[in-house]
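Trainee: The lines below spell out each chain.
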Amino acid sequence: RKEVEQDPGPFNVPEGATVAFNCTYSNSASQSFFWYRQDCRKEPKLLMSVYSSGNEDGRFTAQLNRASQYISLLIRDSKLSDSATYLCVVNEQPDYKLSFGAGTTVTVRA
Amino acid sequence: DAGVIQSPRHEVTEMGQEVTLRCKPISGHDYLFWYRQTMMRGLELLIYFNNNVPIDDSGMPEDRFSAKMPNASFSTLKIQPSEPRDSAVYFCASSLGGPGTDTQYFGPGTRLTVL
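Taken in sequence, the protein lines are chains A and B.
Counting from 1, position 43 in the first sequence corresponds to residue 43 in the working numbering; the numbering is continuous, with no gaps.
Each number in the working numbering comes from the position in the second sequence (counting from 1) with 1000 added on.
Calculated from the structure, these hints are not laboratory results.
Glycine residues also receive a C-beta, built at the ideal position from the N, C-alpha and C atoms.
Incorrect hints may have been included.
[To be verified] Calculated lysine-lysine pairs in the DSBU-like style (CA-CA distance at most 35 Å, straight line): (1) A:Lys79 to A:Lys42; (2) A:Lys42 to B:Lys1078; (3) B:Lys1068 to A:Lys79; (4) A:Lys45 to B:Lys1068; (5) B:Lys1068 to B:Lys1078; (6) B:Lys1068 to B:Lys1024; (7) A:Lys42 to B:Lys1068; (8) A:Lys2 to A:Lys42; (9) A:Lys79 to A:Lys45; (10) A:Lys79 to B:Lys1024; (11) A:Lys42 to B:Lys1024; (12) A:Lys45 to B:Lys1024; (13) A:Lys79 to B:Lys1078; (14) A:Lys79 to A:Lys2; (15) B:Lys1068 to A:Lys2; (16) B:Lys1024 to B:Lys1078; (17) B:Lys1024 to A:Lys2; (18) A:Lys45 to A:Lys2.
[What the hints assert, rightly or not] Quick list of simulated restraints, FRET-style, between CB atoms: (19) A:Ala20 to B:Gln1017: 39 to 49 Å; (20) B:Gly1016 to A:Ser53: 31 to 41 Å; (21) B:Pro1081 to A:Ser52: 40 to 50 Å; (22) B:Ser1066 to A:Arg66: 13 to 23 Å; (23) B:Gly1016 to A:Arg59: 48 to 58 Å; (24) A:Cys40 to B:Asn1071: 30 to 40 Å; (25) A:Asp57 to B:Gly1016: 30 to 40 Å; (26) B:Arg1111 to A:Lys79: 39 to 49 Å; (27) A:Ser53 to B:Gln1017: 50 to 60 Å; (28) A:Thr107 to B:Ser1066: 31 to 41 Å; (29) A:Ala20 to B:Gln1080: 42 to 52 Å; (30) A:Gln93 to B:Ala1002: 45 to 55 Å.
[Unchecked claim] If you only want the chain A side, here are some residues facing chain B, beta carbon under 8 Å, derived: (31) Pro44; (32) Phe100; (33) Ala102.
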């Protein structure tokens, strides 16, 4: 079983729509959680960390559900520039390697 | 401020040849990571260094792969001999703190094609 699993999508949404997707992780002892964004043929970049209480950064909201072992990302008022692959990243313990999901592709259309 | 620098950006080589990928981390970052990304396997950590010392090389696929970090500003990933299945994008990343504690900044990647 993979450590981090994501729905690959693609999620095709119109501009202004809300899109949300989840990622599940296998290790209940995992400590830290992140969402990275990767544009086509570019490097991954940190979008946001995910905290236990949930957190927002502008139009982006991330939530963690430890009981069900998943994290979610919600994008409100989608922009064309939000089109990308979103990578779910989990760290099992400090100074242990990060585990990356395969990514969820979002395409926002005009 | 310069980010992580990788060279070459593209490499095309023939099976059996030696390939050397280079990385310059962000100045002051103590951690350096080498990743490989393919469509089939996604992003995989190959090896990471802390203060130039290899900490976890469990992701290095086999003896054909080796990585060095002779100083704080330079690292290499070498494949010898290369095989077609090594074709992938190889990313170098660096961070101030260890995995999970600080943001990892990725370089632009080296797109390797082995014919």
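Trainee: Decide, hint by hint, whether the structure agrees.
Mentor: Evaluated hints:
1. A:Lys79 to A:Lys42: Distance ~19 Å between A:Lys79 and A:Lys42 Cα, so the pair holds.
2. A:Lys42 to B:Lys1078: OK: A:Lys42 and B:Lys1078 at ~22 Å, within 35 Å.
3. B:Lys1068 to A:Lys79: Violated, because 42 Å separates the two Cα atoms, which is more than 35 Å.
4. A:Lys45 to B:Lys1068: 25 Å, holds
5. B:Lys1068 to B:Lys1078: 9 Å, holds
6. B:Lys1068 to B:Lys1024: 12 Å, holds
7. A:Lys42 to B:Lys1068: 25 Å, holds
8. A:Lys2 to A:Lys42: It holds: about 24 Å lies between the C-alpha atoms, which stays within 35 Å.
9. A:Lys79 to A:Lys45: 18 Å, holds
10. A:Lys79 to B:Lys1024: Holds. A:Lys79 to B:Lys1024 sits at ~34 Å (cutoff 35 Å).
11. A:Lys42 to B:Lys1024: The hint holds at about 18 Å.
12. A:Lys45 to B:Lys1024: Cα-Cα ~17 Å, so holds.
13. A:Lys79 to B:Lys1078: 41 Å, violated
14. A:Lys79 to A:Lys2: Cα-Cα ~31 Å, so holds.
15. B:Lys1068 to A:Lys2: 29 Å, holds
16. B:Lys1024 to B:Lys1078: 15 Å, holds
17. B:Lys1024 to A:Lys2: 31 Å, holds
18. A:Lys45 to A:Lys2: 22 Å, holds
19. A:Ala20 to B:Gln1017: 39 to 49 Å: 46 Å, holds
20. B:Gly1016 to A:Ser53: 31 to 41 Å: 54 Å, violated
21. B:Pro1081 to A:Ser52: 40 to 50 Å: Given range 40 to 50 Å: holds, Cβ gap about 48 Å.
22. B:Ser1066 to A:Arg66: 13 to 23 Å: At 39 Å between Cβs, range violated.
23. B:Gly1016 to A:Arg59: 48 to 58 Å: Since B:Gly1016 and A:Arg59 have Cβ atoms about 50 Å apart, the given range 48 to 58 Å holds.
24. A:Cys40 to B:Asn1071: 30 to 40 Å: 34 Å, holds
25. A:Asp57 to B:Gly1016: 30 to 40 Å: At roughly 48 Å between Cβ atoms, B:Gly1016 and A:Asp57 fall outside 30 to 40 Å, so the hint is violated.
26. B:Arg1111 to A:Lys79: 39 to 49 Å: 28 Å, violated
27. A:Ser53 to B:Gln1017: 50 to 60 Å: Since A:Ser53 and B:Gln1017 have Cβ atoms about 52 Å apart, the given range 50 to 60 Å holds.
28. A:Thr107 to B:Ser1066: 31 to 41 Å: At roughly 39 Å between Cβ atoms, B:Ser1066 and A:Thr107 fall inside 31 to 41 Å, so the hint holds.
29. A:Ala20 to B:Gln1080: 42 to 52 Å: 46 Å, holds
30. A:Gln93 to B:Ala1002: 45 to 55 Å: 31 Å, violated
31. Pro44: OK, holds: A:Pro44 within 8 Å of chain B, min 5 Å.
32. Phe100: 4 Å, holds
33. Ala102: Hint holds; A:Ala102 Cβ to chain B Cβ min 4 Å, cut 8 Å.
The structure fails to meet hints 3, 13, 20, 22, 25, 26 and 30 from the earlier list, while all remaining hints are met.
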